[in-house]
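S.K.: Sequence:
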Amino acid sequence: MNKRILTVFSLLWILAMTSCYKDKGNYDYINVNKVNISGIDTTYNIVLGVPFRISPTVTGTMPGMDDTSKYSYEWFFAPNIGDAIATGTRYDISKEHDLTQLPGMKVGDYVGHFRATDKATGISSYKAFKLRIVTGVYEGWLLLNDINGKARLDMLSKVDTGWRFMPDVLASVSSHLLLDGKPISVDLITLKSTTIYITTDKGSNKIDPENFDWNETMTLASDMGNKLPSPGFYAARFYRVPSGSMMVGVDSNAYYYYSTNFLNYTSRINFVRTEGKYFAVGGVGYGTSFLAPNVIYDNTNRRFLLQAPGGSACQVMADPGARNFHYQDPTKRLVHIESNSYEGGDIFALLREDKTNINCIAVLNTSGTTTSVSVKLQLYDTITGAPDLNKATAFAVSPIFGSLLYAVDGKVYSYDLYQKAANLVLDLPGKIISSMRIDATSGANFNRRLAVGYCNPDGSNGVFSVYDIPTQNAPLTLYQSWSGFGKIVKATYRFR
1 MNKRILTVFS LLWILAMTSC YKDKGNYDYI NVNKVNISGI DTTYNIVLGV
51 PFRISPTVTG TMPGMDDTSK YSYEWFFAPN IGDAIATGTR YDISKEHDLT
101 QLPGMKVGDY VGHFRATDKA TGISSYKAFK LRIVTGVYEG WLLLNDINGK
151 ARLDMLSKVD TGWRFMPDVL ASVSSHLLLD GKPISVDLIT LKSTTIYITT
201 DKGSNKIDPE NFDWNETMTL ASDMGNKLPS PGFYAARFYR VPSGSMMVGV
251 DSNAYYYYST NFLNYTSRIN FVRTEGKYFA VGGVGYGTSF LAPNVIYDNT
301 NRRFLLQAPG GSACQVMADP GARNFHYQDP TKRLVHIESN SYEGGDIFAL
351 LREDKTNINC IAVLNTSGTT TSVSVKLQLY DTITGAPDLN KATAFAVSPI
401 FGSLLYAVDG KVYSYDLYQK AANLVLDLPG KIISSMRIDA TSGANFNRRL
451 AVGYCNPDGS NGVFSVYDIP TQNAPLTLYQ SWSGFGKIVK ATYRFR
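Residue numbering for the sequence shown follows the numbering used here, starting at 1 and increasing by one per position.
Don't read these hints as lab results, they were simulated from the structure.
Note that the Cβ used here is the ideal one computed from N, Cα and C, for glycine as well.
Honestly, I wouldn't trust all of these hints.
Label pairs and their computed distance ranges (CB to CB) [to be verified]:
hint	residue 1	residue 2	range
1	Leu424	Asp251	34 to 40 Å
2	Asn301	Pro209	34 to 40 Å
3	Thr260	Gly162	28 to 34 Å
4	Gly321	Asp251	19 to 25 Å
5	Arg333	Ser460	29 to 35 Å
6	Thr274	Asp458	46 to 52 Å
7	Asp213	His326	45 to 51 Å
Whole structure, please, built from the sequences with the hints as guidance.
M.R.: The structure is reproduced here in C-alpha cells:
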C-alpha cells in the first residue's frame, strides 16, 4: 500500500517539476534577404560585332539590399535544344553585373542564364532567357552592283529595328574575297547546306554563308574537281532545281549537281543520247516537285527537251498535239524562260518569231512519280496588245495572277495572258530598270512581291524597291525602298 502511495506521489512531483521548467529556446524569427531579378527580356537577338548591353535590375527584400555590390553575378549559356534548360556545351561567359560580350560563342540559338547571389547569405535567384547570335550578314538582300564596270556586292541586312544598309559588304566584314571584273550574278543555292556564289566575268567564287569570308578553295573550280572546262570559265547562271542544282556556264553548257548520282557539276547534261550530240543551252525551267523533270531549251536546234531528275542527258519530247504548238520550232527563238509557283508550279516561256518579231507565250507544267515523268502544255498563244515588248530588258511572272511583267526603260507593264492586254503598272521617269525579279525562295515577306533595281541612265544613284502586286493589272504599290546603290545587276534574298 505504501509503495503505491509513494509511486503516485513521485509521478505527481515529476509532472509538477516539468510544468515549472522554463523553455530557454530562441523563437525570435529573423527575416532573410530574398533576391529579385527584373529587366531581362525573354528573347534577345545579338549581332556579332555590334555593341550590346543586357543590364538587369537586382533588388532585395531587406533594407539596403538594392546595392549591387552586395551580390555576385554569373552569366552562362548552353545550346538551345527546345527545352527550358538546355543541355550540351556550357559557356561560362561573365561574372559582371552587365553582359556586354560573348567570347567564344558562335552563331546559333542558346538558352541563357543570369544568376545573382547574396554574398552574405549565399541565397540566389536566376532568370533564363533565349538568345540568338547572328552575324551582321545573317539574313537579307544581297545586291550585286555595276560600279563603273566593276563588281560590288552590297547588302540590306535584316535586323530587329528594320534594315541595315551595308555597302561593299565584303569589305565591311573583312572578307578575303576581292571581286574583280564585271558583275554577272549572285546566287544562293541550298543543297546539303547553303551556298552563296558571286560571279563576275573573271570567275565564280563561293563565300561562307555565315560570315562571308573566302579562301582559295572556295571556287567553282574546286566544285568541279579543279577541272574548269576552259580558262576564264564562269557560271553564267545557276538554277535551284528541286532535285539539286543546275549551272549553265559561259560556254552555254549545263552542269548538274545531284549528289545521289554523284553528279557534282562535272558532267555536261546538255546532251541527247539518242542523237549523240551536244547542244547550246538557252535556259532551264523546272517544276516544284522533287520528282518533276526539268525542261531545258536547246538553242542549237530551237526546241524544248526533258531532263529527268538525276538524269545525265536530255530526252526529245513528242509534240502535245494541241494549240498549234511544237516543242521544236526553228522559226522561233527563246527570249525568256521562268519557273514559279503559279497554280502549283508552271514554266513560262516567251518565244519570238524571227521574221515577224511576233511574240508567243507557252506555259508548261511538269510532274513526276517514282516511275514516270511528264510535261503538259497549259497554254500557248500569240501575244497582242503589249507595248514595246520587243524592247523589254527584264521579265518576271506574277505567282499570284500568272501575268507577264516586263520592263522597258523606266516602265513596267503587266500583260494578262487571258485577257490579252497589257497595262502600265509602274512608271519611273528618267530612270532605267536594271534588274527585276520575284524571288520565290525569299520567304513570306518577299516571295510574292516584285523586286526592282533602277538607276540613272549613266548607272548612278541606284535604288532598290520592292512592290506589292495588289490586283490583276493594277498599278504596283510600294512596299519598301532603299537608295545608295550603283547599277543593280541582280538581287537575291539570303533567307533563313
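S.K.: Each of the hints needs a verdict: does it hold here or not?
M.R.: Taking the hints in turn, this is what the structure says about them:
1. In this structure, leucine 424 and aspartate 251 meet the distance hint of 34 to 40 Å, their C-beta atoms being roughly 39 Å apart.
2. Checked against the hint of 34 to 40 Å, the pair asparagine 301 and proline 209 passes, with Cβ atoms roughly 38 Å apart.
3. For the hinted restraint 28 to 34 Å between threonine 260 and glycine 162, the CB-CB distance of approximately 41 Å leaves it violated.
4. Between glycine 321 and aspartate 251 the beta carbons are some 35 Å apart, a value that contradicts the proposed interval 19 to 25 Å.
5. A hinted range of 29 to 35 Å for the beta carbons of arginine 333 and serine 460 is consistent with their spacing of about 33 Å.
6. Between threonine 274 and aspartate 458 the CB atoms are about 51 Å apart, so this pair conforms to the stated range of 46 to 52 Å.
7. A C-beta distance of roughly 50 Å is found between aspartate 213 and histidine 326, which places it inside the suggested range of 45 to 51 Å.
Checked against the numbered hints listed earlier, the structure breaks hints 3, 4; every other hint is satisfied.
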